[in-house]
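Enquirer: Letter by letter, the chains look like this.
There are 4 protein chains.
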Amino acid sequence: MAGSSFGTIFRITTFGESHGKAIGVTVDGCPAGLPLSESLIQPYLDRRAPGQSKFSTPRKEGDAVEILSGVFEGKTTGTPIMMMVHNQNQQSKDYSEIASYYRPGHADYCFDQKYGFRDYRGGGRSSGRETIGRVAAGAIADLLLKSMGITVTAYAKSIGPIICETYDFSQIEQNPLRMPDANAFSKAEDYLVECMEKGDSAGGIIECIIRGVPAGIGDPVFEKLDANLAKAIFSIGAVKGFEIGDGFAVANMLGSENNDAFVIDPQNGSVTKSTNHAGGILGGISDGTPIIFRAAVKPTPSISRPQQTVNRDHEEITVSIKGRHDPIIVPRAVPVVEAMTCLTLIDAILLQKALTADL
Amino acid sequence: MAGSSFGTIFRITTFGESHGKAIGVTVDGCPAGLPLSESLIQPYLDRRAPGQSKFSTPRKEGDAVEILSGVFEGKTTGTPIMMMVHNQNQQSKDYSEIASYYRPGHADYCFDQKYGFRDYRGGGRSSGRETIGRVAAGAIADLLLKSMGITVTAYAKSIGPIICETYDFSQIEQNPLRMPDANAFSKAEDYLVECMEKGDSAGGIIECIIRGVPAGIGDPVFEKLDANLAKAIFSIGAVKGFEIGDGFAVANMLGSENNDAFVIDPQNGSVTKSTNHAGGILGGISDGTPIIFRAAVKPTPSISRPQQTVNRDHEEITVSIKGRHDPIIVPRAVPVVEAMTCLTLIDAILLQKALTADL
Amino acid sequence: MAGSSFGTIFRITTFGESHGKAIGVTVDGCPAGLPLSESLIQPYLDRRAPGQSKFSTPRKEGDAVEILSGVFEGKTTGTPIMMMVHNQNQQSKDYSEIASYYRPGHADYCFDQKYGFRDYRGGGRSSGRETIGRVAAGAIADLLLKSMGITVTAYAKSIGPIICETYDFSQIEQNPLRMPDANAFSKAEDYLVECMEKGDSAGGIIECIIRGVPAGIGDPVFEKLDANLAKAIFSIGAVKGFEIGDGFAVANMLGSENNDAFVIDPQNGSVTKSTNHAGGILGGISDGTPIIFRAAVKPTPSISRPQQTVNRDHEEITVSIKGRHDPIIVPRAVPVVEAMTCLTLIDAILLQKALTADL
Amino acid sequence: MAGSSFGTIFRITTFGESHGKAIGVTVDGCPAGLPLSESLIQPYLDRRAPGQSKFSTPRKEGDAVEILSGVFEGKTTGTPIMMMVHNQNQQSKDYSEIASYYRPGHADYCFDQKYGFRDYRGGGRSSGRETIGRVAAGAIADLLLKSMGITVTAYAKSIGPIICETYDFSQIEQNPLRMPDANAFSKAEDYLVECMEKGDSAGGIIECIIRGVPAGIGDPVFEKLDANLAKAIFSIGAVKGFEIGDGFAVANMLGSENNDAFVIDPQNGSVTKSTNHAGGILGGISDGTPIIFRAAVKPTPSISRPQQTVNRDHEEITVSIKGRHDPIIVPRAVPVVEAMTCLTLIDAILLQKALTADL
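Residue numbers (the UniProt record's numbering), protein chains in the order written: chain V, 1 to 359; chain G, 1 to 359; chain C, 1 to 359; chain X, 1 to 359.
To be clear, the hints were calculated from the coordinates, so they are not data collected in a lab.
Some hints here could point you the wrong way.
As the list makes no split between identical chains, a pair holds if one copy fits it or if it spans any two.
As the list claims (entries may be wrong) - Each computed DSS-like pair below joins lysine-lysine, with the alpha-carbon atoms no more than 27 Å apart:
1. Lys146 <-> Lys353
2. Lys322 <-> Lys21
3. Lys198 <-> Lys54
4. Lys54 <-> Lys187
5. Lys322 <-> Lys54
6. Lys187 <-> Lys198
7. Lys146 <-> Lys75
8. Lys353 <-> Lys75
9. Lys54 <-> Lys75
Everything numeric in this text was worked out from a predicted model, so none of it was measured.
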């Protein structure tokens, strides 16, 4: 089904499998006149690339992005922008074993049931490499948002049982786990080494803060801004939970605790809120305060510890997933969370522009 | 913006405000030949109606649904089905006070920022009454799903701090809080009475179980089945969190704990899983086991306890929301969660049919 | 299939059958703040109503439109506007004969093949009455366009063999055939009386002129403005041809004849064209000159002259369609052409606003 | 605006400019299991390629298609299929002159008004080369349709004043103008040589016949099959008119002439029609008989004869378009008409499958 597109006005369509010829995206609906070049996109891809630390698969992929359309004389033209990365390890490996059974925690079985067969090489379309297209498109959205004074920042709030206690955003890119707390990073590092020694993997929580969104973005019914963020973030593999503002904690709060009082900002006389339990969105529409949400990311399903499963002949077998796999998805998912957030926001903002008629 | 539609093949479009002339929905894309009448829809609406207990606003609205198109000789014709409920208390009240300020926890301020003004009567378009259209449309989806052997059951898993400990589904409709644990209901009742006496309100968690969905429904990228469920559930006002399977708990699990082993069902020789940490969906596609998710619902924002806010003249004021309001949204949201779940499922299932070509 | 919606930003969804309870439309995506009331919509519906002359079915339906949502204190609120007309002759007639066979030139057979059965009363969903919803929605679009200085004018260019030779637009609403040439009307009247006496019907051509659309509306690939107009006009029953500018005549023109020279308007120094063979659109995008198109409308298929057909038992029979039917669809289709044109334009214009970012 | 996608279930998104790095398409929603390879697609592209005769630009582009995703072990996987052609003449020329003025009959001026500037090299996004993506995608649709017994055949019905008088479909690919009448081709050849000698160009009419579509495809309201065909064909540059069945001729027919009698096919006892004035579609839904439509194609706007126009400084100038240009668009547009027809049909057929529930 035509499920590889995201967005209505600023619409992206990704393509590509882990071990196909190329992975990429077409961005349709980008306003004309935005300065754009490969050198502006590449840093975003480098952040999600593998091989950045011992917690990331060592294969160096050198994913160099190429812009093949939609940019002329250094600016977007308003026509589709196609960006692509060639895969470099297409036939490097024998996949006959992995083709024969269903990996626990992966979509192998579901693909066979849905499509009748599957591209079993490296996860095929379900590979994390599919997010290359999202991150490239998200980079453009981020550049547009920045020009409007909007910033999107995600980071690892927790890795396994280790939770950040301080939030120094300058730390995020200083450690390979993207934790804003250097102390927590240190503990998380030890925890992950232990996981790896056991042939196991860990999960975590990503938090994202969006600043600068004006009040009035989003829609009151199905296209609520938080509903679209929920879908965007849940479209990232391995995400199992999404919450905004106080999130699941609201279930045990009183109304008087959860409501945020509106107040007048003494600085500029504008309406704001004294607290932000709501996470910056009320009734599906941004209220002008920072938008804050969290996503729960499951442990990497590919582990070397022996596991029970079945093969395509419907025999129960024990398997151990070979190869080096990231023991944790969280740090590499951080730029993907940012990308999907940027894509959701720019679409909502452009849609809102359509409706601001002078009547 | 055109944000009042949901679904691609089975598409619904709701209309109506709390105190406008009518509330309703148009269902476009329902297959022809389904037996349908008002008497099949009305029980679904009655479950979400107010006035069912002391925890629900006492106004009796008598929301009688009328089918105005798309049904002929007792069956759907394949053309749009419009269903409507007339509002009966349109001009019963003076809303001048509520028009003058922004209620904490509500979208009043956001509406003014987005649209320039708002229909302030009873929440206007953001009222819970908008869900009447969703529940009527969801009833049709539920009838279609039932004919395919699929059942959707939601209930209150927790009310404030009171969490169900036993799960007897026959209890759900036996108590006004829709808890499957009679003992927990009893405690929750006491808790809510206490909240009401303080002029306060409570939140809770809704859980939903879907049985009978075959493996292969959903899409591996943006249109993941869980991503669409997340959006659907987050489009319900007051929802602040969504999780599937083990949800946020995955953040602190090992891969070896979180992965579900595939096994052969001894009964019928088919592939199934020995556990269901995943919640019935892997890589965005149903795996044939029950789908389980939870939603966090915030406390009713309308409380009589005094609160700080600002008025339209940007003066800080103290307000006490007048009138009787439900101290808890959860039980009335249960049928809305079911409706949105049914709408998401039927759309995914019909889309999948389009792609099962014989090649 | 969900085929009852039109438009992306300004999206309408119609519902209702000829002899169901009601016919109507939901308009989603109308900007907030437009003054609106039933009295502004009703004149548009009155123009397409039956019983206006001897060339129109004499049944007086008194289609009084009711706005049931989306308007507050006399202005649109930005939320869905539902407008409806109750049908008044639901069970007035015995339809058992018409239910038994397939009327030539109608979709009866196609409906049975598509849906398995059909609402045979008065054409069901395929009735011209479905356009009531379009005209009501088109009225809102027209009011928005007028506020932008854009006017849409359609008229009968020919009725059967009678072609207008002069174009006095003040004549259009002066005669029941909506011809801008009083002399041609007089001849067309005679021609139609003759048709009626033979129990036969006639076709014609509708022309539409749009003034005031700025250059730059429409998209260069699939969403060309003329492509969307073609779809909009072809979605009107009985339309069998659509052409823009010189239309089919271009097939026998030289490039040097067909190209329009760009020139400088001596009045205001802006770029314009010395001729308008293109019909105001180049490469799918408006060029700032008037947009001109034509639609061919087939003769009313319901005629009293005996015709050959088959019944549901697959027997060949001879039928004579009973009842009074319009001998010509053209004049009542004129306001529908205008409505679909307005809906296409407003959507393209609002989409364009979304993309005019200040970069 | 996101206008580079076509279709709902079987959705294509094209990208690329005439002189950018590459031109291509992503096909999303193709059912899994269809045998596919470059060698199956290339013949379709070769039919639209330039340099096939003296009536086509002599530059040999050697447009070799590459499939970069969505195919595994020789079959489609159900995931997006990206196909691409590298442009080979990106920087071969000085475009400074053409950048300075607005070519008559082209969208140059409209692009500048819409986007603020334009990629002026070879027409940029408005170039006929954009159709490479459509033809590659249409090839897949054609393969799917063929597997269902549906064939789509287009040809030149007229070139300038020369109209085919006989229809021998085996002739179509025997002459470079794709005329099914060898005698007409001979006259058309002379006519075009004359046009070229005058530095002028010619138009024509393309006719398309679709056989094998079952009754019941299409929708009765906005998504009429003929309305979608009209949009599809009008989305091809240079098309100025579209008609189905008797088309514009219906305007001067009587109902008794235009209606087709339903009859029983003596061969197989099924319902069919004795004539086909309707062109195979009634009320927007296929009736099981051949679908026949025509499109009017304007003369190539690029001509060497001197023309009046204005430059970007708004000065009136005289220009002569340099370079070799096809004197006629028709023969190369024939495969594009087929492609857009196939894309429209496959989408409608897959949508119909979604709604054929067993109730």
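Enquirer: Work down the list of hints and note, for each, if the structure agrees.
Expert: Cross-check of the supplied hints:
In this assembly of identical chains, the alpha carbons of Lys146 and Lys353 lie at most 27 Å apart whether taken from the same copy (17 Å) or from different copies (20 Å). In this assembly of identical chains, the alpha carbons of Lys322 and Lys21 lie at most 27 Å apart only when taken from the same copy (23 Å versus 39 Å across copies). In the homo-oligomer, the alpha carbons of Lys198 and Lys54 lie at most 27 Å apart inside one protomer (15 Å), although the nearest pairing across protomers, at 55 Å, exceeds that limit. For the homomeric pair Lys54 and Lys187, the shortest alpha-carbon distance inside one copy (15 Å) is at most 27 Å, but the shortest distance between copies (51 Å) is not.
In this homomeric assembly, Lys322 and Lys54 come within 27 Å of each other (Cα to Cα) only inside a single copy, at 17 Å, whereas the closest approach across copies is 59 Å. In this assembly of identical chains, the alpha carbons of Lys187 and Lys198 lie at most 27 Å apart only when taken from the same copy (17 Å versus 44 Å across copies). For the identical chains of this complex, Lys146 and Lys75 are intra-copy neighbours only, at 16 Å inside a copy versus 35 Å across copies, given an alpha-carbon limit of 27 Å. For the identical chains of this complex, Lys353 and Lys75 are neighbours both inside a copy (22 Å) and across copies (20 Å), given an alpha-carbon limit of 27 Å.
Taking the shortest Cα distances, Lys54 and Lys75 never come within 27 Å of each other, neither inside one copy (38 Å) nor across copies (38 Å).
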